[in-house]
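Single-letter residue listing:
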Amino acid sequence: MSDNTPSASAGAPSRSTGTGHFVAEEEAELGAVDSIRAQGKPSNLWRDAWRDMRTRPMFYISAVLILLVVVAALLPGLFTHESPTACVLSLSNQGPSAGHPLGFTRQGCDVFSRIVHGASTSLSVGLIVLLLTTVLGIVFGAIAGFYGGWVDSVLSRAGDIFFSIPYILAAVVIMSVLSAHRNVFVIALAIGLFSWPSTARILRAQILRVKESDFVTASTAMGISRFGVLLRHVLPNSITPVIVSTTISLAAAITAEATLSYLGVGLPPTFMSWGNDISAAQVNVRTAPMPLIYPSIALSVTVLAFIMMGEVIREALDPRARASR
Amino acid sequence: MTGYILRRILQVIPVFIGTTLLIYFMVFVLPGDPVLALFGDKTPNPAQLARLREQYALDQPFIVQYLHYLGGIFTGNLGTSFSGQPVSRILLQTFPVTLRLALLAIIIEMVAGILVGLVSGLRKGGVFDASALVVSLILISLPIFVIALTSQFVFGVQLGWARTTVGPGAPIQDLILPAFVLASINFAVVVRLTRSSVIETSGEDYVRTAYAKGLGRRRVIPVHILRNSLIPAVTSLGADFGILIVGATVTEGVFNVPGVGRTLYQAIIKGESTTVVSFVTVMTLVYLVVNLLVDLLYAALDPRIRYVR
Chain A
1 MSDNTPSASA GAPSRSTGTG HFVAEEEAEL GAVDSIRAQG KPSNLWRDAW
51 RDMRTRPMFY ISAVLILLVV VAALLPGLFT HESPTACVLS LSNQGPSAGH
101 PLGFTRQGCD VFSRIVHGAS TSLSVGLIVL LLTTVLGIVF GAIAGFYGGW
151 VDSVLSRAGD IFFSIPYILA AVVIMSVLSA HRNVFVIALA IGLFSWPSTA
201 RILRAQILRV KESDFVTAST AMGISRFGVL LRHVLPNSIT PVIVSTTISL
251 AAAITAEATL SYLGVGLPPT FMSWGNDISA AQVNVRTAPM PLIYPSIALS
301 VTVLAFIMMG EVIREALDPR ARASR
Chain B
1001 MTGYILRRIL QVIPVFIGTT LLIYFMVFVL PGDPVLALFG DKTPNPAQLA
1051 RLREQYALDQ PFIVQYLHYL GGIFTGNLGT SFSGQPVSRI LLQTFPVTLR
1101 LALLAIIIEM VAGILVGLVS GLRKGGVFDA SALVVSLILI SLPIFVIALT
1151 SQFVFGVQLG WARTTVGPGA PIQDLILPAF VLASINFAVV VRLTRSSVIE
1201 TSGEDYVRTA YAKGLGRRRV IPVHILRNSL IPAVTSLGAD FGILIVGATV
1251 TEGVFNVPGV GRTLYQAIIK GESTTVVSFV TVMTLVYLVV NLLVDLLYAA
1301 LDPRIRYVR
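Residue numbers (the numbering used here), protein chains in the order written: chain A, 1 to 325; chain B, 1001 to 1309.
This is chain A alone, in the form it adopts within the complex:
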């Protein structure tokens, strides 16, 4: 929106006196002040954002998709009664048939069942990475930004080091060294260990801005300890960009797990993973592309749902983005 329109003058009309003081022309009635209060609850970033989100179709689309993935991960039995591991080689790469809407994989397993059961792997890797990047990112970013000085230098350089290795390559190294210990936790750790610096950088930049605010000075003046100020006043007011970045990092982690599994350094083939299924179907892509296409769609739609949700939250939390829409 344009900033050129003069803002409506707040408060009572005033006139200048010769001495440079401003004097109210008439006393504002107490009733007038009360009526302003009564107009509604005070404006709140979260409530505004929530109201804004609910007006957007993208919010509902992504929410429904995320809900579907979560339900599939928690209760796969709701969607399919076929076992993903009961495979009959004679059905290898067969097309759809009754009870098997998406046909069979090269090993003769039910594609639909494997997709449903693969949801929990993707989601749990995503959630563990999310937890890891958020905790590490907040601890490093908050301390670096708030305390500044040499603490900031040390922590920021440490972050630079982790940031300088593309995190999928770092995970490739960790996973190929730990070839005997591959499971959901190890792969999540390998991804998360190198993806927290972006969260830390975002939070640090935000804290550098927030800590100059008057309310921070005021709470310091009131005698609250430095750490108390950080925890109670600075952090809650700096956290919004982190929330957006964590939603995106969840999507990125799901992609990373699938990429690592596709490369053959992710989860062992005994795990139900979309990346593994895509990798296995790749051999027969010319004759039977469908076992490759379906898990690819499941993977992409899941990632899309989280990215769209992140997008909706980002725009809802950023008044400027809301205004320019």
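The set of hints was computed from the structure by calculation and includes no laboratory data.
Since the structure is predicted, the reported quantities are computational estimates derived from the model, not experimental observations.
Careful: at least some of the hints might be erroneous.
[Claimed, not checked] These stretches of chain A come out as covered by chain B in the derived footprint (C-beta under 8 Å, 3 or more residues):
#1 62-73
#2 212-221
[Stated by the list, open to error] To give an idea of the chain B side of the interface with chain A (calculated C-beta under 7 Å), a few residues:
#3 VAL1015
#4 VAL1027
#5 ILE1140
#6 PHE1145
#7 SER1236
#8 ILE1245
[Claimed, not checked] These stretches of chain B come out as covered by chain A in the derived footprint (C-beta under 8 Å, 3 or more residues):
#9 1147-1155
#10 1265-1279
#11 1283-1297
All C-beta atoms, glycine included, are put in the ideal place defined by N, C-alpha and C.
Model the placement of chain B on the given structure of chain A, informed by the hints.
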């Protein structure tokens, strides 16, 4: 400017030491014997094991081992691969191919991304803008191996527009499809950065002045708006280079491009962890250098950067 360059180069040194130390630490401290891993399922004889341990200085204390490894990086001695070839020679052979592929991809993503971003930004809220937003969201969500496999199937197998695998010597016409695949990763990022930058620039006073002087859109859009909106897209190249490296690994693996990425891809698949580590180290160093260059370019393009801090 000289001061800024010096300061920026000095900043890279601790990061360089840190990253190499970290990679080295991960490989040689994590459980799993890298020398034993070289032999896969076979049991090596003790003499061979001892010789290899000595070659990698594994019988020395940690810091000596690390310095040995660091010395190897600087003297170009990166060990030997399974096939017995020195890793440094493989790198020299494959690097030009990857460079060609990456440059082609960067040109495609920059030209296409800036054009789409410019039109979206100029017609904010229009049909083109909305569809560009949807397409860029979908492209961001598609993992690179899905894009690579699907386009190989559609354009290579079904439509027959391109060869599914790249021929020997990697001629440029074979690299076009892989380059488009590689370009698709960062395309969406370039579109979004250019779009928001164009929207911001269009509201500037100097653009209004240009129109007020009576200049036409044909002059104002390329000279006043586009040129001043390019910085975010150009500088995003540095940060996105990491994604490009990973993307090249997958793309070259799928299309069988004889580059650095395919070599890494094959080393990963065969479980040659020493080769993987050498390649990751070299790629990380390239990434550091590219980021340094982009930062210096940024400072050259925008004088404000030089005076911060």
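Hint-by-hint comparison with the structure:
Chain B is given as covering the segment 62-73 of chain A, and this is violated because 0 residues of the stretch bring a CB closer than 8 Å to a CB of that chain, at least three being needed. Check on the segment 212-221 of chain A: 0 of its residues sit with their Cβ under 8 Å from a Cβ of chain B, so the three-residue criterion for coverage is violated. Checking VAL1015(B) against chain A: minimum C-beta separation of about 5 Å stays under 7 Å; hint holds. Annotation: VAL1027(B) was flagged as interfacial toward chain A, and the flag holds, the nearest CB pair being 5 Å apart, inside 7 Å.
At a threshold of 7 Å, the smallest CB-CB gap from ILE1140(B) to chain A is about 6 Å, leaving the interface hint in force. The interface hint given for PHE1145(B) holds, since its Cβ lies 5 Å from the closest Cβ of chain A, which is under the 7 Å cut-off. A cut of 7 Å between beta carbons decides the hint on SER1236(B): the least distance to chain A is about 14 Å, and the hint is violated. Given hint, ILE1245(B) at the interface with chain A, holds; its Cβ is 6 Å from that chain's nearest Cβ, closer than 7 Å.
Using a Cβ-Cβ cut-off of 8 Å, 4 residues of the segment 1147-1155 of chain B lie near chain A, which meets the minimum of three, so the contact claim holds. Coverage of the segment 1265-1279 of chain B by chain A holds [criterion: at least 3 residues with CB-CB distance below 8 Å; count 7]. With 5 residues carrying a beta carbon less than 8 Å from a beta carbon of chain A, the segment 1283-1297 of chain B meets the three-residue requirement, and the given coverage holds.
Comparing the model with each earlier hint shows violations of hints 1, 2, 7; every other hint is respected.
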